[in-house]
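Undergrad: Single-letter residue listing:
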Amino acid sequence: MNTVVDLDQVSRTFPGTPPVEALKPTNLTIHTGQYIAIVGPSGSGKSTMLHLLGLLDSPTSGTYYLDDIDTSTLSEKERAGVRSSRIGFVFQSFHLLQHRTTVENVMLAEVYRPGSSSGRETRAIEALEQVGLGHRLDVSPATLSGGERQRVAIARALVSKPSLLLADEPTGNLDTATGEQILALFDQLHQDGLTLAVITHDDEVSARAQRRVRIRDGIVKAEDDNDGGLRPSGSRVVR
Amino acid sequence: MTIIPGPGLPFPEDNPDDSDTPNNAPSVIKAAPEPPDKLPRSGLSVRDLFNEMTLALTARPARTILTAMGTVLGVAALVATLGLAKTAGNQIVTRFDELAATKVTVEPNQSFRQAPGGATSAIPWDAGDRLERLNGVRAAGTKSDVDVSGQLARSVPVIDPLGQTEFQVPVIAVSPGLFQSARSTLYTGRFFDEGHDERADPVAILGPAAAERLNVSRVDNNPAIFIGDQSFAVIGILATTQREPALLNSIVIPNGLARERYSLEVPSEVLIDVEIGATEQIRIQSATALSPNQPEALRSTASAPPSRVRGDVQNDLNALFLVLGAVSLLVGTIGIANVTLVSVLERTGEIGLRRALGATRRHIAVQFLSESVALGAFAGLVGTSLGILCVVIVSANEQWTPVLDPWLPFAAPVLGAITGLLAGTYPAWKAASTEPIAALRGLR
Ligand SMILES: Nc1ncnc2c1ncn2[C@@H]1O[C@H](COP(=O)(O)OP(=O)(O)OP(=O)(O)O)[C@@H](O)[C@H]1O
Ligand SMILES: [Mg+2]
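Protein sequences, first through last, are from chains A and B. Position 105 (the first sequence) corresponds to 111 in our numbering; numbering is contiguous. Position 53 (the second sequence) corresponds to 1247 in our numbering; numbering is contiguous.
A hint or two may mislead.
Examples of chain A residues toward chain B, derived with CB under 7 angstroms [to be verified]: (1) H57; (2) L62; (3) D63; (4) Y70; (5) G87; (6) H105; (7) T107; (8) V117; (9) S124; (10) R126; (11) R222; (12) D223.
A short list of chain B residues far from chain A (calculated; beta carbon distances all over 10 angstroms) [what the hints assert, rightly or not]: (13) R1235; (14) R1377; (15) V1410; (16) A1550; (17) L1551; (18) T1595.
None of these hints come from the bench; they were simulated from the model. Note that the coordinates shown come from a computational prediction; the quantities given were computed from them, not determined experimentally. Don't be surprised by glycine CBs; every beta carbon is placed ideally from N, CA and C.
Build the full structure now, drawing on both the sequences and the hints.
TA: Quick look at the structure:
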């Protein structure tokens, strides 16, 4: 089984007085095609973990391997390139641009990829069709419901065919029924083979995932761990 | 999937619910990471940059226009003031130039040492006729002050002891062509001609000031004036003269008469009215035409070249107008900087999103900078058009010919773009230094 994410003693400390150890040294492996939920109370370090996984932040110590690439050796340009091609982000507050149509919002995902201009619109339309919004291509996000907006955001994350989809509280701004639609979409994407890491503090959401990881006070521990095991710290495992 | 607590990290409640088992797969130290050249690099094509810039600026057209307004007005003010200064300056110089650029005078060269026994002056009596044969000369005539040995002038034959009737009035002898070369006009009567000159007829033309003093207001009753005991028939009264203002206050008589009655020996000066552009040529030719054997005995003078005059007049005007325009442009720059900074703060979430989608800091900076530069250039373009329109309207109103430096319509939009560049630098830097995590956190 291939690994998408491999954290080796990764920690993150925010400087200050006193410094905040938001994530204590952690080992975590996510295999290709896994659907993992990261749960924990507010302030436990979930977002910190997600930002590290998404290369938006760098660990204070430890090494993060993404698709077997040692991310600590990457330049800013390369990190940005990896973000644009291998990682899809879904945010709690959608982050859609109000003055652009849904298609234009999805097309934004490929603006920072060299040589992606041909067929960009076609791929964006396909992604929107994949999330069930093929009929709302040229409307402003302002006219969409919350669930529809989140599906546009998911389409934007999918258009670059990422290795890893990261979602931070994707249903946090949605009511239960609408949130259920998004979770159903995630189930579908998981079945299609996508690797997903979803942050939530909602047990119902995390129950849909294949794996559950709990964080408390920056300390990570596994729940429902049934296909892996402890491995010696400080060494990486190659499968 | 494997999760392991870090070394030394207590995980007290960990073990019971943790079914982790040691990974038994062959364990090998990780090989060197993939060569970075396999990695996708992020990039932003010029076309995409342009597209993003256009979408950003057209997202809120009203705000874009309002933001540009300061620079529009600044550039418009600058173009209008420069254009009007140029146009007005041009009016000043065309009036002023026309007189200056068509006048040549010839006088005896004071520093020229006469050969022993030579004539006292090289200016001949027929100087006017000789010069009028030259190409480029419109009119020419001689002018000489006449010494009347202090005799007073009066318009009545008998001296009235009760009132002042006698005056000291300058007498000037001219050739008929001088009236044309001095561009004199008549109030009444006529000028004297070649016939009067040759016959030494006792006729006189009065300047308006002289006529008033001598109490002569009409010539149809054949008035006479007296200088000492000599009488003169007044045949005309001048109204104005563009050159030789001394004529206005004088009694003007023909050369022939002056030679006969007052023993005038030589003309003292020649005044030539030339075609525009011919001053230099006539200045050189006139001395030879008048004194072929000794051209260096004469000194010809033409007024300063018109371009010099033009430059002097305009520099003063421009300095003032430029300060005005620069101030309004500064206000415009601050306007763009201010609104761009506000929009960077508003678009923090968008900046975070773009970073997540693969933008580098540089991409963010370039994007915001391109927006403000495009805005500035657009404002410059609109401002230039407004400024030119303003120049045209004012010119039409004043019946001037609108004049514009040819570089101005091109330089002004560039100036607008530079304004945008300056205004956008700090906001772009601010946008680029926004941390993506902070930008994404809690902002919608
Ligand atoms: N930039 C920062 N500087 C200092 N401390 C930070 C910073 N970012 C996060 N923290 C701290 O790190 C800890 C973990 O924060 P994080 O955002 O990861 O929590 P979370 O689990 O996502 O919480 P929530 O469910 O409320 O979103 C918190 O104590 C937070 O205050
Ligand atoms: Mg969070």
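Undergrad: Hints first: check each against the structure and report whether it holds.
TA: Each hint, compared with the structure:
no.: 1; hint: H57; in the structure: holds, 5 angstroms
no.: 2; hint: L62; in the structure: holds, 5 angstroms
no.: 3; hint: D63; in the structure: holds, 6 angstroms
no.: 4; hint: Y70; in the structure: violated, 11 angstroms
no.: 5; hint: G87; in the structure: holds, 4 angstroms
no.: 6; hint: H105; in the structure: holds, 3 angstroms
no.: 7; hint: T107; in the structure: violated, 10 angstroms
no.: 8; hint: V117; in the structure: holds, 5 angstroms
no.: 9; hint: S124; in the structure: violated, 11 angstroms
no.: 10; hint: R126; in the structure: violated, 9 angstroms
no.: 11; hint: R222; in the structure: violated, 10 angstroms
no.: 12; hint: D223; in the structure: violated, 11 angstroms
no.: 13; hint: R1235; in the structure: violated, 4 angstroms
no.: 14; hint: R1377; in the structure: holds, 70 angstroms
no.: 15; hint: V1410; in the structure: holds, 87 angstroms
no.: 16; hint: A1550; in the structure: violated, 5 angstroms
no.: 17; hint: L1551; in the structure: violated, 5 angstroms
no.: 18; hint: T1595; in the structure: holds, 47 angstroms
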